[in-house]
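Construct the entire structure; sequences and hints are all you get.
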Amino acid sequence: MGQSLSVRNLEAWYGSNKTLHGINMEIAKNEVTAIIGPSGCGKSTFIRCINRMHDTLPGAKATGEILLDGANIYANDPVELRRTVGMVFQKPNPFPAMSIFDNVVAGLKLNGMRNKKKLKEAAEKSLNMAALWDEVKDRLGHSGMSLSGGQQQRLCIARALAVEPSVLLMDEPASALDPIATLRIEELVTQLKSSYTIVIVTHNMQQAARIADSTAFFLNGELVEHGATSDIFMTPRDKRTEDYITGRFG
Amino acid sequence: MKKHRRKYVNALMLALFSIATLIALVPLFGVLGYVFKNGVMDVNLKFFLDLPVPMGMTGGGMANAIVGTLILIAIASVLGIPIGILAAIYLTEYDRLSWFSTLIRFTTDVLTGIPSIIIGIVVYTAIVVKMKHFSAFSGGIALAIIMIPVVIRSTEEMLKLVPHTIREAGYALGIPRWRTIIQIVLPTAAKGIVTGSMLAVARVAGETAPLLFTALGNQYWAHNLNQPIAALPLSIYEYATSPYKQWHEQAWAGSLVLIFLVIILNATARLAFRTRNN
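Heads up: the sequence lines are chains Z and E, in that order.
Counted from 1, the first sequence has number 54 at position 55 by numbering that gives the first Met the number 0; the numbering is strictly sequential.
Counted from 1, the second sequence has number 66 at position 67 by numbering that gives the first Met the number 0; the numbering is strictly sequential.
Hints were generated in silico from the structure; no laboratory data involved.
Hints may contain errors.
[Stated by the list, open to error] With a cut-off of at most 27 angstroms between alpha-carbon atoms, the simulated DSS-like pairs for lysine-lysine come out as follows:
1) 192/Z <-> 124/Z
2) 190/E <-> 90/Z
3) 136/Z <-> 60/Z
4) 60/Z <-> 190/E
5) 90/Z <-> 108/Z
6) 108/Z <-> 119/Z
7) 117/Z <-> 136/Z
8) 124/Z <-> 136/Z
9) 159/E <-> 131/E
10) 108/Z <-> 159/E
11) 90/Z <-> 159/E
12) 116/Z <-> 136/Z
13) 17/Z <-> 60/Z
14) 17/Z <-> 117/Z
15) 190/E <-> 108/Z
[To be verified] To be clear about the criterion: a stretch of chain E counts as covered by chain Z if any three or more of its residues have a C-beta under 8 angstroms from a C-beta of chain Z, and this derived list gives those stretches:
16) 12–18
17) 162–173
None of the values given here were measured: they were computed from a predicted structure.
Every residue gets a Cβ at the ideal spot worked out from N, C-alpha and C, and that includes glycine.
Listed below in structure tokens is the structure:
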């Protein structure tokens, strides 16, 4: 089951450069929330704060609170957090030295699961959820790098799902893919929301309109507007949102 | 007219590169061929199985020196490769930019350039003199000191080639940092690390100077690592500088065996790795 997120006065820095200015936002569970906005508006930084990947960069820091089902993530261990909040990156990044199978179960295996039967079940389940099982079931021992770009990205989604997170963060997961592979990822996202809370950063406004239940518009490190996707695209309250979605800047 | 000139220049440059390559290959194959021609007659089963015989007697081999070299390489590798790889992990994964890592990098580069005879003298003073005898162990340490900087710098370069996104993928799965490094980053760079380590092994396999003060050489079998031990480079040096024709032939044979030893070590390490990866 997905978990809800509640962001309270989140601020983030890279060194002395402040990239997020007091974000307050509620993210509903089992919904797809899209984050849109021009390059450099802080949308990637925002989702990287949710699993505390932001903290791993030298000189980066964040203040404020993010409540995951009521518990502040900054009060707990980031490594534990990342098993609950999974992430899919912009470019497919399968582990090059691992087979398809080992890639999918990497999160389980490297966190101590040794039971071969359980690993096998987890691999099949995750690959099925990522709509990749039929394409790779006969070559699980092959290198993950032998797959096409779109397949690699679905492999990375399967890898993130295998650790059974409740929230899935996706940082422009289809921007490096062709239209057909993009469509498959979008279908997948809509299917996955019954089990996960999904936050997806996208440059593609049509994509946000197609898959997101709610959409948030970021600009210069601020959350300008957040609401039901149809409202954001049909009747935006803020002039800046309207300008952006009608293509007047960005 | 201009078009012809471009093609003409292109052909000229290609010819230049090809000739340079050929010139570079001349000494390489020259050395290999010369050693082969002079040594191949004396490499036989006895050479691998027998101890050296005193001057005047016929036959004899370098069994003790071959085994000695393998033992010295083993000691040096066991000490030098893990230390080198772990230090490189520190420099790339934990501390890329501080004054401390800059100092280590600088020292490592200096250490790479220090003549090996100086490392021999240092180990002689620090270990051989203190222990009051020459030993295989001190020889291995001297070779390890020569290996470490080579392993550090080559491993560091290989780790830097692993994209940061691979590390992030590991962290994002809730895998602790040390585990991400050992089980994801290292295997990704493994091929290059193995190649770099083998290069370090090849470098020390033929070292003679540091062994003169440490392993010393031995006409017989060394029974433990606290005794002086024979090594191929030492035997080659000793035999080649002797006035006897028969010993010269043995030195050529020893040289040929040493070259093939390095080639075989290299090939097996790469082969073993390749089969494990696929």
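Hints and how they fare:
1. 192/Z <-> 124/Z: 16 angstroms, holds
2. 190/E <-> 90/Z: 24 angstroms, holds
3. 136/Z <-> 60/Z: 42 angstroms, violated
4. 60/Z <-> 190/E: 36 angstroms, violated
5. 90/Z <-> 108/Z: 23 angstroms, holds
6. 108/Z <-> 119/Z: 11 angstroms, holds
7. 117/Z <-> 136/Z: 16 angstroms, holds
8. 124/Z <-> 136/Z: 12 angstroms, holds
9. 159/E <-> 131/E: Status violated; Cα separation ~44 angstroms.
10. 108/Z <-> 159/E: The hint holds at about 25 angstroms.
11. 90/Z <-> 159/E: Holds, at roughly 19 angstroms.
12. 116/Z <-> 136/Z: The given pair, whose Cα atoms are some 16 angstroms apart, holds under the 27 angstroms limit.
13. 17/Z <-> 60/Z: 9 angstroms, holds
14. 17/Z <-> 117/Z: Violated, at about 45 angstroms.
15. 190/E <-> 108/Z: Roughly 23 angstroms between the alpha carbons, so the hint for residue 190/E and residue 108/Z holds.
16. 12–18: Violated - the region 12–18 of chain E has 0 residues with a Cβ nearer than 8 angstroms to chain Z, which falls short of three.
17. 162–173: holds (count 10)
Hint compliance for this structure: hints 3, 4, 9, 14 and 16 are broken, all remaining hints hold.
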